[in-house]
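Colleague: Starting from the known structure of chain R, fit chain F onto it as the hints suggest.
Chains as they are written, first to last, in this note's numbering: chain R, 1 to 82; chain F, 1 to 455.
Among the hints, erroneous ones may be present.
Here's a subset of chain R near chain F, in silico, CB distances under 7 Å, partners left out [as the list claims (entries may be wrong)]:
#1 G16
#2 S25
#3 L33
#4 T34
#5 F36
#6 P40
#7 F44
#8 C45
#9 I47
#10 D52
If you anchor each label on the Cβ, the simulated ranges turn out as follows [unchecked claim]:
#11 R:T69 to F:D61: 25 to 33 Å
#12 R:N62 to F:H226: 27 to 35 Å
#13 R:D58 to F:R49: 47 to 55 Å
#14 R:G27 to F:S367: 34 to 42 Å
Since the hints were made in silico from the structure, they are not lab data.
From the three backbone atoms N, C-alpha and C, an ideal C-beta is built for every residue, glycine too.
The residues making up each chain are set out below.
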Amino acid sequence: MINFTFEGEPISVEPGTSVAAALLSHGERITRLTRFNSTPRSIFCGIGVCFDCLVEVDGEPNQRSCITTVKEGMVVKVQHGS
Amino acid sequence: MEVRYQVIVLGGGPAGLNAAKYAANAGYEVGLIDAGTRLGGQYWRHTGREEFDQSVHHNFDQGSLLMDAVLANPRITVHSETNIWSASIINDEVVLRTNNGAFITQRLILATGAYDRSLPFPGWDIPGVMTPGAAQSLLKGHGVLVGKRIVVAGTGPFLLPVATGLSSHGASVVGLLEASSKYSWAKNLLELLRNPAKALEGIGYLLALRGRKVEMRFRQAIVAAHASADGSLESVTIANLDSEWKIRSTYKLSCDVAAVGWGFTADTAIAYSLGLALDVDASGSISVVVDENQRARQPNAAIAIYAAGELTGIGGADLALVEGAIAGLAIAGSAQDLKTLKKRRKKLLRFAQALTKVYPVASGWKSWLSEDTTICRCEEISYSDINEAREEFDASDARTIKLLTRCGMGLCQGRICGRTIADLMNSTPQERISSASRPILSPITLGEVAQEGLL
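One chain only, chain R, in its complex shape (with noise of 0.2 Å):
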C-alpha cells in the first residue's frame, strides 16, 4: 500500500491510484475552491481535460488530481483559488 496524505489526514491506497480515485474512494469530494467565488469543485472530466479537479502536490499548485498517481511520503492539499 501506498501512504499520502490530504489536508494532513494519512490515507493509504493501492499503488497505481490516481490522486482522485484515493479521494473520492476515502469521501474526500472537494479538490479545491475557486479563486474569485471560492465555491468548491471536484472531478469532473476525470481524464485531464477540464482541470477542475486541481490539488495541491508537495506544494506545487495546479496539479490534476485525476491524471495524477499517488506516491510514498506525498503531501496533497486543497487547492485554494488558482
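Modeller: Same frame as chain R, but now just chain F:
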C-alpha cells in the same frame, strides 16, 4: 532530449494501438506517444492490477491482446505519461514538444480521441456533478465507485454501459435519463439490423439494468443540481422535456452523483496546430478531414499526416480500430489490400451517422440556464456575464464574447465551454474551427521551457 521515429502515433486508444501495430508490422520503427499511465485510451482504461475486474469492459480480451502485441513488438517504443504542449512543422518535419523532450517525424498518425461533451445547467459546477466518462474512468481505471446514489443522464448510447457498470458494482442508479425520444431508433431501424452486434450490446445493457430495476426514462433530463451545506451534491431537478427539450414539468431526486453527458467532442487541438483541414458537422462537432486512406489534408508534401478514430468523426471503438489499421498500413505504403477494411469502415461509418441522427442535442437546453448559471467553469463566467457582453457591448460572435468576458481563457482553454459558447452565439462553422486553436496544448512551466533551451 530529441528522438526521431519513422512513424509517430499519438494516442494509445483503439485507433492508435492498431495504427502502431500495422505500421510496425509493415516494417517501420514506430514511436507511440500517450498521455496515460497505461495503454488502452479511455475505452480500454484498466487498473493494471492482476486481479483486474474485466466486467466493466465490453470486449477487454480484444484490447488486452492488442495492448500486449504493441508492448511486445520490438519495432514499437511506447512513451507513456507524455503530454504534448506544442506541435509544429519545422523544416519539413513534424516537431512535437513534450514533458519528455521533443519527438520528430515525417510520418504522423493522430489518434487523439475524444472527451465527453458537456452542457451547462444551474449547479453543474457542484462537486458530485461529473461526466459519465469521469464515472467510467474511475471505475475502469481504479475500481472506484464515484458515489452511492447516482443519476446517469444526457443523451447517447454511452449512458448505457456507464449505468450498467455503476449499478453492477454496487451503486444505486436512481435515475437513467435519455433526453431523446423512445422512438428515435424506430426511424433508423435498418442501421440497427445491419449491425446486429451493436444492437445486441445495447439490449444486453438494457436487460442487465432491468434486472437491477433500473429503467431508462426517455425525454427527461437533469435541468438543475442542488448542493448540501458542505457544498457537494444533494439532489437534482429532473424535467420532462418536449421535442425541443423545453421544460414541461419537473420533479426532484436526491443523489450524491449526477453523471451527465451529451455525446463527445473530438480532441482536435494538435490537428489544428499542425494546420490540418477540419470540418464541422450539423451538430457542431469538429473533425479532421481525411481521404479514403485516412490521410489528412495539409499543405506540406514532404510530410504525411494521417488521422484515425474519434478525431475523424465520433464513431466508437470498432470504427476506430478499422481506421487505425487503414492509417497504419497506408502510411507504411503497405501492399496489403485495404478493400475488406474499407468495406467494414463503410458499414461502421453508416452506423455512426445513424447514431448522430438518433441522439441529436436539441436547442431547448439553452432555456435551462438561469442568470447565475456558470458557463465557463475555469474563469467563473456566468450566463449573465455573457448576456451583458452581448447586450451592453454588442458582442455578436464567440471571439468577442471571449475577449470581453475571458470565457474559454482559463486552464482548460475552452475545451469544456468552447462548444457551448459557439452554440449560444450561433457560431459559423469557420468560427467553430478557429475556436479549436490552443497554441499551448497542455500547461507547461517556464522552467520546463527553459530546459528545452527555448527561452
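Colleague: Work down the list of hints and note, for each, if the structure agrees.
Modeller: To see whether the hints hold, each was checked on the structure:
1. G16: 6 Å, holds
2. S25: 5 Å, holds
3. L33: Check failed: Cβ of R:L33 comes no nearer than 9 Å to chain F, outside 7 Å.
4. T34: With a closest approach of 6 Å, the R:T34 hint holds.
5. F36: 5 Å, holds
6. P40: 4 Å, holds
7. F44: 5 Å, holds
8. C45: 5 Å, holds
9. I47: Where the cut-off is 7 Å and the nearest Cβ of chain F is about 5 Å from R:I47, the hint holds.
10. D52: This hint holds: R:D52 lies near chain F, its Cβ roughly 6 Å from the closest one there, short of 7 Å.
11. R:T69 to F:D61: 25 to 33 Å: 26 Å, holds
12. R:N62 to F:H226: 27 to 35 Å: Roughly 29 Å apart at Cβ, these two residues keep to the hinted range, so it holds.
13. R:D58 to F:R49: 47 to 55 Å: 25 Å, violated
14. R:G27 to F:S367: 34 to 42 Å: Since the Cβ atoms of R:G27 and F:S367 sit about 36 Å apart, the hinted range of 34 to 42 Å holds.
In summary, the structure is inconsistent with hints 3, 13 from the numbered list given earlier, while agreeing with the others.
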